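Residue numbers (the UniProt record's numbering), protein chains in the order written: chain E, 1 to 183; chain C, 1 to 229.
Hint data in this document are derived by calculation from the structure and do not stem from the laboratory.
Please read these numbers as outputs of a predicted model, since none were measured by experiment.
Note that CB positions come from ideal geometry on N, CA and C, so glycine has one too.
One or more of the hints may lead you astray.
Stated by the list, open to error - Residues from chain C shown here face chain E by an in silico Cβ test under 7 Å; the list is partial: (1) N17; (2) V18; (3) T20; (4) D60; (5) D67; (6) A80; (7) L87; (8) F91; (9) L97; (10) L103; (11) D203; (12) Y207.
Okay, here's what each chain looks like letter by letter:
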Amino acid sequence: MGKKEEFLRQKNSMQKALKIIIAVLGIIAVGLTVMLFIPAKKKKEGAYYAAEINYSGQEIQMTDIPAVVNKEGKIEIPLEDVQKYGIVYVPYSPTKPLTAFFLNDGRLAVAVSICEPCQGYRFKIQDNALVCMTCGTRWSLLDDLKGIDGGCTAYPPDEIPYEVKDGKILVDKNIVDAWQPRV
Amino acid sequence: MAYIQVESVSKKYVKGNVETRVLKDVSFQVGKGEFWIVAGPSGSGKSTLLSILGSLNEPDSGRVLVDELDLFSLSHDERALFRLNYLGFIFQNFHLLPYLTALENILLPTLAYPHKISKEKEARELLKMLGLEGKEGKYPKELSGGEQERVAIARALIMEPEILLADEPTGNLDSKTGEEVMKIFAELNRRGKTIIMVTHNLDHLQYATHALFLKDGEVLEIKTLKEAN
Ligand SMILES: Nc1ncnc2c1ncn2[C@@H]1O[C@H](COP(=O)(O)OP(=O)(O)O)[C@@H](O)[C@H]1O
Ligand SMILES: [Mg+2]
Chain E
1 MGKKEEFLRQ KNSMQKALKI IIAVLGIIAV GLTVMLFIPA KKKKEGAYYA AEINYSGQEI
61 QMTDIPAVVN KEGKIEIPLE DVQKYGIVYV PYSPTKPLTA FFLNDGRLAV AVSICEPCQG
121 YRFKIQDNAL VCMTCGTRWS LLDDLKGIDG GCTAYPPDEI PYEVKDGKIL VDKNIVDAWQ
181 PRV
Chain C
1 MAYIQVESVS KKYVKGNVET RVLKDVSFQV GKGEFWIVAG PSGSGKSTLL SILGSLNEPD
61 SGRVLVDELD LFSLSHDERA LFRLNYLGFI FQNFHLLPYL TALENILLPT LAYPHKISKE
121 KEARELLKML GLEGKEGKYP KELSGGEQER VAIARALIME PEILLADEPT GNLDSKTGEE
181 VMKIFAELNR RGKTIIMVTH NLDHLQYATH ALFLKDGEVL EIKTLKEAN
């Protein structure tokens, strides 16, 4: 099969799936319209917030910490480590390392530590931005990882849900195992 | 219509009230099987142009058509599919995942494919073709710079892309190793791959069929160096 036929075939099957998703979304949208009357909250639902931070003039490299999986199937990251080191690298699996750091508004972000287009896996914090060490793309820590510049701005490290309990960040192992690169 | 058709592509970046026009009305056409080198001073817009050709970055105006597909009329997901089917990327910092062996690194893109596929046989063939036989089980830190670059090339080739986009692939290599890598690109081109490579090493022009010189975001000159085969 030629490249184009293969591409068009995959595109069509994706569009079919999309139609179903759009139908479902339409139904959800009706429900959401009701919720529109409730004013939008500034803080993200389910996120952990520490004090606000200003990274101006700072450069923080990643610190590696071991990946620990508890018997409930949760990956444990000590909150204290993130506070101490600023940005941590957790080699949960070779293809799915995790990272955790704080945004300027104090929100804790946990994400798969991969810049998917360039396949870089290491980042640093510099001047209120998250920076990919491979391609140099920068995402704003002031504005929910919105792209600032570089080749991969559309793909900040993919954030995953977590909860914080007894000083530990807990990430569901199943969610990480099922995670797939977007590009 | 040309295989890759770049029509009046412009791109500007705005920071505060400062506007930088990074690409100004860039147009050119690449035929299937051609080997283009994009050269120009640092900051002239080479990487931006390459990322637009790779659909990783959107132009403000103009169009890019590849195999008659208008890239920026595709949705984000369709573009991801396009990249997976058509493109192989090779960057200067070929950063391979350190916890994966050479073979596993090469197989990484296959994990992103919508339906799981096994390409181990192909990966082993690529290792052989690139002179990395016996290195499949080695980790990146056990490989030389040139070997790591070749693993990155194999990774770009594993999905059998028609087009290779390379941004200064020899930028971190000594000149002898860089030369060997260029010979690999020349061989890939001889086997029919369309290649667009950013470099400022003008010695590399001997391998290319065309050269495009950028300056301040404008096309200064397009040269045909030799016929594509
Ligand atoms: N995302 C971006 N936001 C703002 N400016 C950018 C961005 N990407 C590149 N630039 C600027 O655009 C110009 C061209 O950059 P680039 O395409 O990387 O050039 P080259 O690869 O030729 O060195 C430079 O002045 C650079 O600072
Ligand atoms: Mg560049």
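Hint check:
At about 17 Å, the closest approach between the beta carbon of N17/C and any beta carbon in chain E exceeds 7 Å, and the interface hint on this residue is violated. Given the 7 Å rule on beta carbons, the hint for V18/C is violated: about 13 Å separates it from the nearest Cβ of chain E. For T20/C, the interface hint is violated, since its Cβ never comes within 7 Å of a Cβ in chain E; the closest pair sits about 10 Å apart. Because the smallest distance between the Cβ of D60/C and any Cβ of chain E comes to about 15 Å, over 7 Å, the interface hint for this residue is violated.
Below 7 Å, beta-carbon pairs count as interface contacts, and D67/C has one with chain E at about 5 Å; its hint therefore holds. The restraint placing A80/C at the interface with chain E holds, with a minimum CB-CB distance near 5 Å, inside the 7 Å limit. A least Cβ separation of about 10 Å between L87/C and chain E goes past the 7 Å threshold, and the interface hint is therefore violated. Hint status for F91/C relative to chain E: holds, with the closest Cβ pair at about 6 Å, below 7 Å.
At a threshold of 7 Å, the smallest CB-CB gap from L97/C to chain E is about 6 Å, leaving the interface hint in force. The beta carbon of L103/C comes no nearer than 12 Å to any beta carbon in chain E, farther than 7 Å, and the hint placing it at the interface is violated. Hint status for D203/C relative to chain E: violated, with the closest Cβ pair at about 25 Å, above 7 Å. The restraint placing Y207/C at the interface with chain E is violated, with a minimum CB-CB distance near 24 Å, outside the 7 Å limit.
Going down the numbered hints, you'll see the structure goes against 1, 2, 3, 4, 7, 10, 11, 12, while the others check out.
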